[in-house]
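Place chain C on chain F using the hints.
Chains as they are written, first to last, in numbering that gives the first Met the number 0: chain F, 0 to 280; chain C, 0 to 280.
Keep in mind the hints are simulated off the structure, nothing from the lab. Hints should not be assumed to be uniformly reliable.
As the list makes no split between identical chains, a pair holds if one copy fits it or if it spans any two.
[To be verified] Think about it this way: if two alpha-carbon atoms lie no more than 30 Å apart in a straight line, the pair counts; the simulated DSS-like pairs of lysine-lysine are:
| no. | residue 1 | residue 2 |
| --- | --- | --- |
| 1 | K255 | K240 |
| 2 | K240 | K204 |
| 3 | K42 | K278 |
| 4 | K42 | K204 |
| 5 | K253 | K278 |
| 6 | K146 | K204 |
| 7 | K255 | K204 |
2 protein chains.
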Amino acid sequence: MTLNGDWVTEISEQHGAAYSLQLGQKVHSETTPFQTIEIYETKTFGNLMLIDGFMMVSTRENFLYHEMMSHPALFTHPNPKNVLVIGGGDCGTLKEVLRHSSVTSALQVEIDERVTRVAEIYFPELCESNNDPRASFYFGDGIAWVKEAPAESLDIIIVDSTDPIGPAEGLFSAPFYRDCFKALRPDGILVQQSESPLYHLDLIKSMHGEMRKADFSKTKTLHFPQMIYPSGWWSATMASKSVELTAFRSEDAKQKPFATRYYNAGIHQGALALPEFMKGL
Amino acid sequence: MTLNGDWVTEISEQHGAAYSLQLGQKVHSETTPFQTIEIYETKTFGNLMLIDGFMMVSTRENFLYHEMMSHPALFTHPNPKNVLVIGGGDCGTLKEVLRHSSVTSALQVEIDERVTRVAEIYFPELCESNNDPRASFYFGDGIAWVKEAPAESLDIIIVDSTDPIGPAEGLFSAPFYRDCFKALRPDGILVQQSESPLYHLDLIKSMHGEMRKADFSKTKTLHFPQMIYPSGWWSATMASKSVELTAFRSEDAKQKPFATRYYNAGIHQGALALPEFMKGL
Numbered sequence: 000m001t002l003n004g005d006w007v008t009e010i011s012e013q014h015g016a017a018y019s020l021q022l023g024q025k026v027h028s029e030t031t032p033f034q035t036i037e038i039y040e041t042k043t044f045g046n047l048m049l050i051d052g053f054m055m056v057s058t059r060e061n062f063l064y065h066e067m068m069s070h071p072a073l074f075t076h077p078n079p080k081n082v083l084v085i086g087g088g089d090c091g092t093l094k095e096v097l098r099h100s101s102v103t104s105a106l107q108v109e110i111d112e113r114v115t116r117v118a119e120i121y122f123p124e125l126c127e128s129n130n131d132p133r134a135s136f137y138f139g140d141g142i143a144w145v146k147e148a149p150a151e152s153l154d155i156i157i158v159d160s161t162d163p164i165g166p167a168e169g170l171f172s173a174p175f176y177r178d179c180f181k182a183l184r185p186d187g188i189l190v191q192q193s194e195s196p197l198y199h200l201d202l203i204k205s206m207h208g209e210m211r212k213a214d215f216s217k218t219k220t221l222h223f224p225q226m227i228y229p230s231g232w233w234s235a236t237m238a239s240k241s242v243e244l245t246a247f248r249s250e251d252a253k254q255k256p257f258a259t260r261y262y263n264a265g266i267h268q269g270a271l272a273l274p275e276f277m278k279g280l
Numbered sequence: 000m001t002l003n004g005d006w007v008t009e010i011s012e013q014h015g016a017a018y019s020l021q022l023g024q025k026v027h028s029e030t031t032p033f034q035t036i037e038i039y040e041t042k043t044f045g046n047l048m049l050i051d052g053f054m055m056v057s058t059r060e061n062f063l064y065h066e067m068m069s070h071p072a073l074f075t076h077p078n079p080k081n082v083l084v085i086g087g088g089d090c091g092t093l094k095e096v097l098r099h100s101s102v103t104s105a106l107q108v109e110i111d112e113r114v115t116r117v118a119e120i121y122f123p124e125l126c127e128s129n130n131d132p133r134a135s136f137y138f139g140d141g142i143a144w145v146k147e148a149p150a151e152s153l154d155i156i157i158v159d160s161t162d163p164i165g166p167a168e169g170l171f172s173a174p175f176y177r178d179c180f181k182a183l184r185p186d187g188i189l190v191q192q193s194e195s196p197l198y199h200l201d202l203i204k205s206m207h208g209e210m211r212k213a214d215f216s217k218t219k220t221l222h223f224p225q226m227i228y229p230s231g232w233w234s235a236t237m238a239s240k241s242v243e244l245t246a247f248r249s250e251d252a253k254q255k256p257f258a259t260r261y262y263n264a265g266i267h268q269g270a271l272a273l274p275e276f277m278k279g280l
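One chain only, chain F, in its complex shape (with noise of 0.2 Å):
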């Protein structure tokens, strides 16, 4: 079959593999001091917004990957209080974590304002919680904010990146992960994105060799599906101070005071078990 009409394709170049939705009317396009932000309306996925060419978040499956960068981090830390998001200019993060009663601070550090005023147009859901009292904003360089952050001050660091290359790029590695490691206090819990266990196993091996060398003590990945992502299937990768990571106020997740529509405490436990060729990491 050939893709007749408007369809939006990304192509994981490497992998010989691509996805394409079907799209409708082109609702928004800028040009940022960063990168090219289109909006798309499509055909059964809401809208999607597009960075450089490559889908980033659509409005009909994105509470996979929110719910998932999300839950099971700040329900495998004992009382998360002080939260970091880098990245999620979006603001489905954001809004998982406050569902979160226990969390008196949320911070989204995302380096372009633009993604979060446009998510604000085409993904209200998404941003709901922005006025929440307990949120704030700051638009400038993640990597440069932890750096500066002040030691052990937070408990959560959620890297809700880009993929490993360009400005992403130093997301990824020892340095970024020790000053992670030092804003963060002794239970704390640092998650990042870390694509498909498919196509980036070696991404991920090396995420848990450089989160080991900054002095975490345990790593962990989860898996989960994401339609939108290459190969459908994507992870996340965790690293703590000392607290387990196979563990997780389990009681708590099945009584969660929160409607979500992927995450639970089986889901969570299912995520943490590894497909036999993962095992090793």
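Okay, now just chain C, sitting in the frame of chain F:
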């Protein structure tokens, strides 16, 4: 981006989404009385079988599907001896079934013998157990075969079919499930591929209903990644006459004497944990 050069694209028309693989040579093409079978070399997915233009199986990722269609059911049954595979012409499910030493007979009933003959050439690793003395093959209609099957003669029936349109449609409703029920022993289990959790929730719900109508007392869906199928996320649904489907022989699964690439006891448990939006099945 646009797909320059040779790609095969499978469009999920209703969902406005498509998945493409970059092709090398077309190495086989034939039209049988049932369908058109094509085999292509791909850039990184090994060989790819298309049936009537739909992606059926690739060398790189079939392990996900074949392991999850077989091992959960076989490790749930207390002592599976006699197994029937309906469809499954590529023989990958049969191969996984035969890894279980308790199995004394495994019959594959595939309507199109050419699928199996072509798989023997282009997917030899999936056919490596075809000469196992416990394996047998019948090329004909699976629905008719089950209707005539001796009562209580089987422990497991695996329905490894194409989508519920055309010839496979009859495999998704109560009359067929009643015949399966009759052919299964009192601790028998039926397992069937049940499409995408994201795209086909209505079908999955309908399958549970039809299975219950056919007197199966327990039904359970499990989910797993599957990049070449629509949405990249797939499911199998089990039905049982009496055996609990949420418990399984986890110690046996932990100590399985054969290698897998995806399946293990943790993955099994995790696959049974349904996302919030699937609760109520």
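Results of checking the hints against the structure:
1. In the homo-oligomer, the alpha carbons of K255 and K240 lie at most 30 Å apart inside one protomer (25 Å), although the nearest pairing across protomers, at 34 Å, exceeds that limit.
2. For the homomeric pair K240 and K204, the shortest alpha-carbon distance inside one copy (18 Å) is at most 30 Å, but the shortest distance between copies (44 Å) is not.
3. Proximity of K42 and K278 under a CA criterion of 30 Å is satisfied inter-copy only: 26 Å between copies versus 39 Å inside one chain copy.
4. Proximity of K42 to K204 under the C-alpha cut-off of 30 Å is restricted to the inter-copy arrangement: shortest distance 24 Å between copies versus 37 Å within a copy.
5. Taking the shortest Cα distances, K253 and K278 sit within 30 Å of each other both inside one copy (27 Å) and across copies (13 Å).
6. In this homomeric assembly, K146 and K204 come within 30 Å of each other (Cα to Cα) only inside a single copy, at 24 Å, whereas the closest approach across copies is 51 Å.
7. In this assembly of identical chains, K255 and K204 lie within 30 Å of each other by CA distance solely across copies; the values are 26 Å between and 32 Å within a copy.
This entry satisfies every hint, going by the numbered hints stated previously.
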